[in-house]
Amino acid sequence: MSFFIEPVARLVREFGKLPGIGPKSAQRLTYYLLRETDEEARALAEAILSLKKEIGLCSICFNVTDHDPCSICQSKERNHATICVVEKPSDIAPLERTGKYKGLYHVLHGTINPAQGITTENLRIKELLARLQDSSIEEVIIAINPNMEGETTALYLQHIIAPLNIRVTHLARGLPFGAELEYADDMTLNQAIEGRQEFK
Amino acid sequence: MSRPRNYRAQAVVIKQIKLGEFDKLLTLYTSEFGKLKAVAKGACRPGSKLGGNVEPLTHSSLSLARGRNLDIITQSQIINGFPELKADLWTLSCSLYILELVDLFTMENSANPALFELLLGTLHRLTEMTSKEITLRYFELHLLDCSGYHPQLQKCVRCTSPLKSITNFFSPRQGGVLCPLCAEKEFKAHPLSVTALKTLRLWESCDYATAKRVNLRPALSSELAQVLQDYIKYLLQREVKSIGWLEELKKSSVDNHYRTH
Ligand SMILES: [Zn+2]
Ligand SMILES: [Zn+2]
Chain C
1 MSFFIEPVAR
11 LVREFGKLPG
21 IGPKSAQRLT
31 YYLLRETDEE
41 ARALAEAILS
51 LKKEIGLCSI
61 CFNVTDHDPC
71 SICQSKERNH
81 ATICVVEKPS
91 DIAPLERTGK
101 YKGLYHVLHG
111 TINPAQGITT
121 ENLRIKELLA
131 RLQDSSIEEV
141 IIAINPNMEG
151 ETTALYLQHI
161 IAPLNIRVTH
171 LARGLPFGAE
181 LEYADDMTLN
191 QAIEGRQEFK
Chain U
1 MSRPRNYRAQ
11 AVVIKQIKLG
21 EFDKLLTLYT
31 SEFGKLKAVA
41 KGACRPGSKL
51 GGNVEPLTHS
61 SLSLARGRNL
71 DIITQSQIIN
81 GFPELKADLW
91 TLSCSLYILE
101 LVDLFTMENS
111 ANPALFELLL
121 GTLHRLTEMT
131 SKEITLRYFE
141 LHLLDCSGYH
151 PQLQKCVRCT
161 SPLKSITNFF
171 SPRQGGVLCP
181 LCAEKEFKAH
191 PLSVTALKTL
201 RLWESCDYAT
211 AKRVNLRPAL
221 SSELAQVLQD
231 YIKYLLQREV
241 KSIGWLEELK
251 KSSVDNHYRT
261 H
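For the record, the sequence lines run as chains C and U. For the first sequence, our numbering assigns the number 1 to the initial residue and increments by one for each residue that follows. For the second sequence, our numbering assigns the number 1 to the initial residue and increments by one for each residue that follows.
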């Protein structure tokens with residue numbers, strides 16, 4: 001890309017790092033911004049900066065939030081006896097959209113992948129166990145993508161939570177193996193929450 | 001063997017990483033071509049049939065097309081999805097260890113049908129309700145054999161004298177057993193009990209049905225694991241990461257449940 005002048009090349013490189021953005025799209029976005037007014041460009045830049053500055057992780061559930069604890073953890077309307085465990089923050093929105101789930105969440109920020117050296121140490125599992133010391137917790141719903149790392153993680157959580165006398169369930173197998181929660185349609189997800197099952 | 005433009009292969013998926021938003025980059029171990037990498041397009045889309053067919057620990061029959069950089073999977077059919085391996089934490093973790101070892105011991109595009117058979121056979125054995133330890137040790141020993149690193153167990157690897165029925169030594173660097181005299185001159189050699197040597201000698205030559213009849217007491221079990229894993233680590237010049245996970249699980253299994261079956 002040496003035929004771009006440096007400021008253009010720099011932005012193309014940055015856009016190119018984003019998921020789903022190839023070199024062509026990166027160039028298109030860059031030239032689009034070049035035509036934009038200064039104000040509009042500044043608004044975009046500030047939105048990006050404030051994303052990093054004002055957003056952090058909830059100290060209870062580790063979802064992204066602009067105030068701590070997050071609004072779900074603080075809500076009186078929600079059922080504080082149920083915790084739904086997800087892999088990443090973006091898995092929460094689809095579950096919220098179904099309107100079926102009224103409990104709390106816990107974001108692990110990853111799944112167990114032994115060959116990559118990602119184990120319990122690298123995830124928010126200690127923090128989950130700390131939350132479960134609260135005797136008012138009745139159920140943990142494991143809503144992790146049904147792929148191999150997800151399955152390892154789900155089985156491990158079941159293994160360590162079951163002795164605490166807390167009900168552990170997982171989403172019904174309406175979700176095909178290898179599917180991703182984030183992209184599942186609402187119907188499937190609805191059924192998966194309603195039909196959640198005990199671990200055998 | 002070089003791959004034709006369009007070809008079929010029997011494969012066990014040993015690794016996957018996400019590629020872009022919806023695709024997966026797979027590492028396959030195939031009977032016909034050994035290890036190869038291929039793209040499963042759209043495998044992460046909900047409802048993708050391909051996605052479920054190319055999860056790790058799946059034995060599938062695949063059609064592939066050679067691409068400019070990476071081959072692309074055009075058709076897939078599951079032969080065995082091994083659901084039993086994915087239903088139990090300890091079994092699943094042992095299976096992941098097998099996959100990691102196959103990945104670490106192989107190079108791309110070098111067919112090794114014996115290793116494919118060993119991999120597939122081992123996955124089937126892990127579904128049985130027998131001790132996983134024997135399955136893992138038998139796999140490690142035969143993986144070494146398939147890969148050209150068969151340890152010398154019959155005579156001293158240095159002076160070639162026959163081994164006496166006493167505690168001998170195993171040297172990862174020499175790739176075999178040393179008699180006590182030679183072991184003194186070798187920097188890193190670990191004691192190897194008579195029973196452990198006998199067990200390894202039996203396992204290298206017998207089929208699995210015979211191998212699993214060995215009464216593997218805890219002390220013998222950990223001695224064999226130590227010997228084989230030290231040798232493997234020496235050959236690879238690196239840690240096998242899944243071992244750390246298996247250790248962590250053993251420690252956390254207070255009730256022994258996951259270890260004994
Ligand atoms: Zn929160
Ligand atoms: Zn000797």
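Fair warning: there could be bad hints in the mix.
Restraint-style ranges between C-beta atoms, simulated for each label pair [said to hold, decoys possible]:
{"id": "1", "chain 1": "C", "residue 1": "D68", "chain 2": "U", "residue 2": "E32", "range": "51 to 57 Å"}
{"id": "2", "chain 1": "U", "residue 1": "A219", "chain 2": "C", "residue 2": "S71", "range": "54 to 60 Å"}
{"id": "3", "chain 1": "U", "residue 1": "R173", "chain 2": "C", "residue 2": "S59", "range": "46 to 52 Å"}
{"id": "4", "chain 1": "C", "residue 1": "R13", "chain 2": "U", "residue 2": "D230", "range": "17 to 23 Å"}
{"id": "5", "chain 1": "U", "residue 1": "N109", "chain 2": "C", "residue 2": "L57", "range": "41 to 47 Å"}
{"id": "6", "chain 1": "C", "residue 1": "L57", "chain 2": "U", "residue 2": "E32", "range": "43 to 49 Å"}
{"id": "7", "chain 1": "C", "residue 1": "F199", "chain 2": "U", "residue 2": "E21", "range": "28 to 34 Å"}
{"id": "8", "chain 1": "C", "residue 1": "S71", "chain 2": "U", "residue 2": "M129", "range": "44 to 50 Å"}
{"id": "9", "chain 1": "C", "residue 1": "S50", "chain 2": "U", "residue 2": "M129", "range": "39 to 45 Å"}
{"id": "10", "chain 1": "U", "residue 1": "G42", "chain 2": "C", "residue 2": "E96", "range": "37 to 43 Å"}
{"id": "11", "chain 1": "U", "residue 1": "M129", "chain 2": "C", "residue 2": "E198", "range": "21 to 27 Å"}
Only pairs whose alpha carbons sit at most 30 Å apart, straight line, appear in this in silico DSBU-like list of lysine-lysine [what the hints assert, rightly or not]:
{"id": "12", "chain 1": "C", "residue 1": "K24", "chain 2": "U", "residue 2": "K41"}
{"id": "13", "chain 1": "U", "residue 1": "K155", "chain 2": "C", "residue 2": "K126"}
{"id": "14", "chain 1": "C", "residue 1": "K17", "chain 2": "U", "residue 2": "K41"}
{"id": "15", "chain 1": "U", "residue 1": "K155", "chain 2": "U", "residue 2": "K250"}
{"id": "16", "chain 1": "U", "residue 1": "K18", "chain 2": "C", "residue 2": "K24"}
{"id": "17", "chain 1": "U", "residue 1": "K250", "chain 2": "C", "residue 2": "K88"}
{"id": "18", "chain 1": "C", "residue 1": "K126", "chain 2": "U", "residue 2": "K241"}
{"id": "19", "chain 1": "C", "residue 1": "K24", "chain 2": "C", "residue 2": "K76"}
{"id": "20", "chain 1": "C", "residue 1": "K88", "chain 2": "U", "residue 2": "K49"}
{"id": "21", "chain 1": "U", "residue 1": "K37", "chain 2": "U", "residue 2": "K49"}
{"id": "22", "chain 1": "U", "residue 1": "K250", "chain 2": "C", "residue 2": "K126"}
{"id": "23", "chain 1": "U", "residue 1": "K198", "chain 2": "U", "residue 2": "K212"}
{"id": "24", "chain 1": "U", "residue 1": "K41", "chain 2": "C", "residue 2": "K88"}
{"id": "25", "chain 1": "U", "residue 1": "K37", "chain 2": "C", "residue 2": "K17"}
{"id": "26", "chain 1": "U", "residue 1": "K185", "chain 2": "U", "residue 2": "K212"}
{"id": "27", "chain 1": "U", "residue 1": "K18", "chain 2": "C", "residue 2": "K53"}
Hint data in this document are derived by calculation from the structure and do not stem from the laboratory. We treat Cβ as the ideally placed atom computed from N, Cα and C, and that holds for glycine.
Status of each hint after checking the structure:
1. Between D68 of chain C and E32 of chain U the Cβ separation comes to about 55 Å, which falls inside the hinted range of 51 to 57 Å.
2. A hinted range of 54 to 60 Å for the beta carbons of A219 of chain U and S71 of chain C is consistent with their spacing of about 56 Å.
3. Take R173 of chain U and S59 of chain C: their Cβ atoms lie about 51 Å apart, and the range 46 to 52 Å holds.
4. A C-beta distance of roughly 45 Å is found between R13 of chain C and D230 of chain U, which places it outside the suggested range of 17 to 23 Å.
5. Roughly 44 Å separates the CB atoms of N109 of chain U and L57 of chain C, a value that falls within the hinted 41 to 47 Å.
6. For the pair L57 of chain C and E32 of chain U, the supplied restraint of 43 to 49 Å holds, since their beta-carbon distance comes to about 48 Å.
7. Distance hint check for F199 of chain C and E21 of chain U: the Cβ-Cβ separation is about 31 Å, which falls inside the suggested range of 28 to 34 Å.
8. Taken as a hint, the range 44 to 50 Å holds for the pair S71 of chain C and M129 of chain U, whose Cβ atoms sit roughly 48 Å apart.
9. Between S50 of chain C and M129 of chain U the Cβ separation comes to about 57 Å, which falls outside the hinted range of 39 to 45 Å.
10. G42 of chain U and E96 of chain C have their C-beta atoms about 26 Å apart, which leaves the hinted 37 to 43 Å range violated.
11. Between M129 of chain U and E198 of chain C the C-beta distance comes to about 22 Å, which sits within the given range of 21 to 27 Å.
12. Restraint check for K24 of chain C and K41 of chain U: the C-alpha separation of about 20 Å stays at or below 30 Å, so the hint holds.
13. Between K155 of chain U and K126 of chain C the CA atoms are separated by roughly 50 Å; this puts the pair beyond 30 Å, and the hint is violated.
14. With a CA separation close to 20 Å, the supplied pair K17 of chain C and K41 of chain U stays within the 30 Å bound.
15. At roughly 35 Å between alpha-carbon atoms, K155 of chain U and K250 of chain U are farther apart than 30 Å, so this suggested pair is violated.
16. At most 30 Å may separate the alpha-carbon atoms for a hinted pair to count; K18 of chain U and K24 of chain C meet this at roughly 21 Å.
17. In summary, the hint linking K250 of chain U to K88 of chain C is supported, as the alpha carbons are separated by about 27 Å, within the 30 Å threshold.
18. Distance restraint check for K126 of chain C and K241 of chain U: the Cα-Cα separation of roughly 21 Å lies within the 30 Å cut-off, and the hinted pair is therefore satisfied.
19. Distance hint between K24 of chain C and K76 of chain C is unfulfilled; the C-alpha atoms sit about 48 Å from each other, more than 30 Å.
20. The hinted pair formed by K88 of chain C and K49 of chain U meets the criterion: a straight-line CA distance of about 24 Å does not exceed 30 Å.
21. With a CA separation close to 19 Å, the supplied pair K37 of chain U and K49 of chain U stays within the 30 Å bound.
22. For the hint linking K250 of chain U to K126 of chain C, the alpha-carbon distance of about 18 Å falls within 30 Å, and the restraint holds.
23. Distance check on the hinted pair: K198 of chain U and K212 of chain U sit about 14 Å apart at the alpha-carbon level, within 30 Å; holds.
24. With a C-alpha separation of about 23 Å, the suggested pair K41 of chain U and K88 of chain C falls inside the 30 Å cut-off, and the hint holds.
25. Our distance criterion of 30 Å between C-alpha atoms is met by K37 of chain U and K17 of chain C, whose separation comes to about 23 Å.
26. Our distance criterion of 30 Å between C-alpha atoms is broken by K185 of chain U and K212 of chain U, whose separation comes to about 36 Å.
27. For the hint pairing K18 of chain U with K53 of chain C, the CA-to-CA distance comes to about 29 Å; that is within 30 Å, so the pair holds.
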